[in-house]
Amino acid sequence: MSRDLVKGHLDFLLLATLSAAPAHGYAVMTALRERSNGAFGLTEGAVYPALHRLEDRGLVTSDWREVNGRRRREYRITAKGSARLGVEGREWSQMVTAVDAVLRAAKPALAGGAT
Amino acid sequence: MTEGESPIEDYLDQLFSASTSSSPRNARYLLAEAESHLRDAATAAKQEGMNELEAEQEAVRRFGTASSIARKDRCRALGDVLRGSAISGVHLAAVGAVAVGVSGVLVELLRAAGVSGRALGGPAFRPMASSLSCPSWLAADPRSQTCLGPAMAVLSDRLVEPRILAGVGGLVVLVALLVFRHRKSATHVGAWEPLPALVTDSIAATAFAGAGLALLGFGASSLADGGFGAGQWLSAAPVALLAACFYGGRLLVTLETGPTMPTPRGASPRRRRLTRVLA
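Chains A and B, in that order, are what the protein sequence lines are. By this note's numbering, the letter at position 12 of the first sequence is numbered 106, and the numbering carries on one by one without gaps. By this note's numbering, the letter at position 22 of the second sequence is numbered 336, and the numbering carries on one by one without gaps.
Just so you know, these hints were derived from the structure itself, not from any lab. One or more of the hints may lead you astray.
[Said to hold, decoys possible] Restricting the straight-line Cα-Cα distance to at most 25 Å, the calculated cross-link-like pairs of lysine to any residue (SDA-like) are:
| # | chain 1 | residue 1 | chain 2 | residue 2 |
| --- | --- | --- | --- | --- |
| 1 | B | K386 | A | L179 |
| 2 | B | K386 | B | R353 |
| 3 | B | K360 | A | A121 |
| 4 | B | K386 | A | L107 |
| 5 | B | K386 | B | S450 |
| 6 | B | K386 | A | T124 |
| 7 | B | K386 | A | A195 |
| 8 | B | K360 | A | R129 |
| 9 | B | K360 | A | E160 |
| 10 | B | K360 | A | A140 |
| 11 | B | K386 | A | L136 |
| 12 | B | K386 | A | A110 |
| 13 | B | K386 | A | T155 |
| 14 | B | K386 | B | G398 |
| 15 | B | K386 | A | S113 |
| 16 | A | K174 | A | L107 |
| 17 | B | K386 | A | A121 |
If we strip away everything but chain A, and leave its shape as in the complex, we get (with noise of 0.2 Å):
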């Protein structure tokens, strides 16, 4: 999958993985990577810049915590973040169902082209 295609949802996709419940950035990568099956090529450290500009705009907040013995910054979403999550989910999906439809239309004349 091209890689600036999930750049540009990338803040989505984390306040997605956190709706589920509060991780590290370590946890948050592990589970986009399990979950979309590693559709998403992206380098784990890109995962830090997007949090901390999540926390800068109130989306998320986080706390220090000892887990397995280290010290870890654990984020979790707030009522903002959720909020703003509801209303990328719904636009998302409008989007989805919009680009499905012109490809379905498409579809006689992508077949043409691709042979």
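Assemble the complex: chain A is given as a structure, and chain B must be docked to it using the hints.
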């Protein structure tokens, strides 16, 4: 594996070097998170059968280059700098407006102490005392030999009102800024911090000192010119110079004690927020 052979240690060194232009807290947090992430990733890779060196190399490879990660975090830090500049800029402008207001109060005190309007007015008012309007000015003070003095006495009001209004406006802005930062600090930790005290105090001390000296110069020049309009400058100069001393003093204290104001260990979240807001 010795420290010199550890890809993770090498990577963290690179990340540290690449993060020097970020804020200290952002850089510290990024380094701490990167280290725990890399160690977790290396542990997982070892469980898949890699040796320690291979596991660390794989963890570093999957994490991304240090320069790109630091750059992405810095771009987010750029937002901090812009927000900090906005906060500091508004703060200093409001303090300047309050200083102007205080100088207006000083003008009023000078008038109450009997300083003549001629001394308080300024060259800008001279054209208003034209021959056409002269009779109306003389009517305001029949004892005066010329119309310039009475004109200045009346027009010196124009010195006071705008200055007082500016001062009130500055106070309103300062209170609004305090409320805004207090609310934001509860949910956006670190996102609405002003620029470092070293920067703001340096700018403020320099600006107020420059303004004070310039105003003193204009006042001295007016005194040499017969005292006409010296008051408008000399009422503002001491206020500007006092503000310069205040910020200059704070700058010296910061240079002696270090750039950050420590928050007491174990302070309540409310006290930590108040400390950040008042800094």
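Checked hints:
Among the hinted pairs, K386 of chain B with L179 of chain A is consistent with the structure: their alpha-carbon atoms are about 22 Å apart, no more than 25 Å. Taking the CA atoms of K386 of chain B and R353 of chain B, the gap is near 22 Å; set against the 25 Å cutoff, the hint holds. Distance hint between K360 of chain B and A121 of chain A is fulfilled; the C-alpha atoms sit about 17 Å from each other, no more than 25 Å. With a C-alpha separation of about 18 Å, the suggested pair K386 of chain B and L107 of chain A falls inside the 25 Å cut-off, and the hint holds.
A threshold of 25 Å between alpha carbons decides the hint, and for K386 of chain B with S450 of chain B the separation of about 69 Å lies outside it, so the pair is violated. Taking the CA atoms of K386 of chain B and T124 of chain A, the gap is near 21 Å; set against the 25 Å cutoff, the hint holds. For the suggested pair K386 of chain B and A195 of chain A, the alpha carbons sit about 36 Å apart, so the restraint of at most 25 Å is broken. Taking the CA atoms of K360 of chain B and R129 of chain A, the gap is about 22 Å. The hint holds against a cut of 25 Å.
At roughly 22 Å between alpha-carbon atoms, K360 of chain B and E160 of chain A fall within 25 Å of each other, so this suggested pair holds. Taken as a hint, the K360 of chain B and A140 of chain A pair is honoured in the structure, with Cα atoms around 23 Å apart against an allowance of 25 Å. This hinted pair checks out: K386 of chain B and L136 of chain A have alpha carbons roughly 14 Å apart, not beyond 25 Å. With a C-alpha separation of about 21 Å, the suggested pair K386 of chain B and A110 of chain A falls inside the 25 Å cut-off, and the hint holds.
Distance hint between K386 of chain B and T155 of chain A is fulfilled; the C-alpha atoms sit about 19 Å from each other, no more than 25 Å. Annotation: proposed proximity of K386 of chain B to G398 of chain B holds, straight-line Cα distance about 19 Å (limit 25 Å). The hinted pair formed by K386 of chain B and S113 of chain A meets the criterion: a straight-line CA distance of about 24 Å does not exceed 25 Å. With a CA separation close to 16 Å, the supplied pair K174 of chain A and L107 of chain A stays within the 25 Å bound.
Of the supplied pair hints, the one linking K386 of chain B and A121 of chain A holds, its CA atoms being roughly 20 Å apart against a limit of 25 Å.
Of the hints listed earlier, those the structure fails to meet are numbers 5, 7, in rising order.
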